[in-house]
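K.L.:
Chains as they are written, first to last, in our numbering: chain A, 114 to 315; chain B, 8 to 166.
These are calculated hints, taken from the structure and not from any lab test. Don't be surprised by glycine CBs; every beta carbon is placed ideally from N, CA and C. Every clue listed holds true.
If you anchor each label on the Cβ, the simulated ranges turn out as follows:
no., chain 1, residue 1, chain 2, residue 2, range
1, B, Leu130, A, Lys173, 48 to 56 angstroms
2, A, Gln249, B, Asn42, 37 to 45 angstroms
3, A, Pro261, B, Ala51, 20 to 28 angstroms
4, B, Asp65, A, Pro261, 22 to 30 angstroms
5, B, Val124, A, Leu155, 55 to 63 angstroms
6, B, Thr109, A, Leu155, 40 to 48 angstroms
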Amino acid sequence: MAETAAPAPAPTPSGPARRRRRLAPFVALPVGLVLVGFVVVLARGKPAVDRIIASPLLGKPAPALQGTTIDGAPFSLANQKGTWVVVNFFAPWCTGCRQEQPDLVTFSQRHQTARDAELVGVIFNDTAANVRSFRQSEGGGWPMVIDPSGATAVDFGVSALPETFVIDPNGYVQARFSSPVTADGLDRVIDDLRNGVDPSKR
Amino acid sequence: MTRSFLRAWLPWATMAVIVVTVLVLGAGRGGTRSNKDRIDAIAASVRCPECRSETVRDSSAPAALNLRDFIATEVGKGTSDADVRAAIESRFPGTSLVPPSTGVGALVWIVPIVATVVAGGALVFAFRRWSRQAASTAGPSEDDRALVAAALEHAGDEP
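Work out the full structure: start from the sequences and follow the hints.
P.N.:
Put into structure tokens, the structure is as follows:
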């Protein structure tokens with residue numbers, strides 16, 4: 114009967130291999146900790162809101178904004194002179210627009226009685242029917258102007274939604290937001306502008 | 008006009024005629040472009056403000072669609088290409104893909120012209136030098152002729 118050969122003993126790792134094996138946990142641990150840190154920071158981070166950015170329009174007369182609202186009423190920005198106007202470019206398909214809608218409702222309600230600030234929405238690449246349905250579910254009683262060819266969005270230099278512009282009572286563009294806005298953020302910017310403070314320097 | 012003069016200058020004259028013809032044809036094409044060609048050309052020279060990695064012509068982002076409509080409207084109104092581009096750049100700074108004609112960006116336009124002129128000059132210089140060298144080594148010298156004559160004379164003496 115043939116004897117089965119005894120298994121060969123496992124080769125012992127040589128010097129450099131042993132050193133690498135000992136070093137591995139010390140490399141893997143910091144890398145793992147950094148990765149966990151990234152995940153924690155990203156998970157706890159608040160989405161960017163009230164981000165003010167530059168615009169070639171700042172300090173210049175606002176571009177003409179006139180058209181028909183989703184309710185069929187005529188609208189002209191020129192008729193709003195004498196009050197602060199917040200022009201919000203939005204669309205129902207835009208996640209950031211859905212996020213900011215409750216704050217816009219709050220802002221609108223806050224200024225409803227005093228009428229010291231008006232809100233106007235400009236529809237960006239969507240239909241009046243979709244916006245009516247959006248308003249029904251999300252709220253919003255302010256004028257929402259149809260911009261069928263996107264000409265108003267081009268005039269304001271709108272790159273990506275949501276974008277919001279603050280127009281002073283003389284009709285000059287004073288601030289541009291390129292993120293969802295909050296009611297408090299809008300009020301703070303308007304207060305700053307009233308007091309002659311540059312809101313982008315805060 | 009000698010035959011050698013004609014032979015030397017005929018290729019140059021032919022090349023000049025071809026270059027001028029091509030330039031005239033190329034310059035004339037701009038005048039007969041359709042509005043669609045113009046819209047495409049302008050849209051291809053503007054970076055999409057939303058996605059930025061595509062041109063307005065290629066992008067399907069809403070901002071690019073708006074800009075395509077804007078370009079079509081302006082072209083339809085008869086606005087020049089330069090004015091349409093300027094209007095877009097004034098609203099969306101940094102989206103123009105056409106290098107500026109002033110400042111460092113102007114080098115993009117100037118360098119090819121200067122390079123063409125320098126290369127043309129260098130070619131003319133080189134051709135002249137080569138033709139001079141060819142002329143100087145065109146036939147046997149007097150010494151060569153004398154050597155051959157002497158050799159022939161000696162060859163006749165041999166039995």
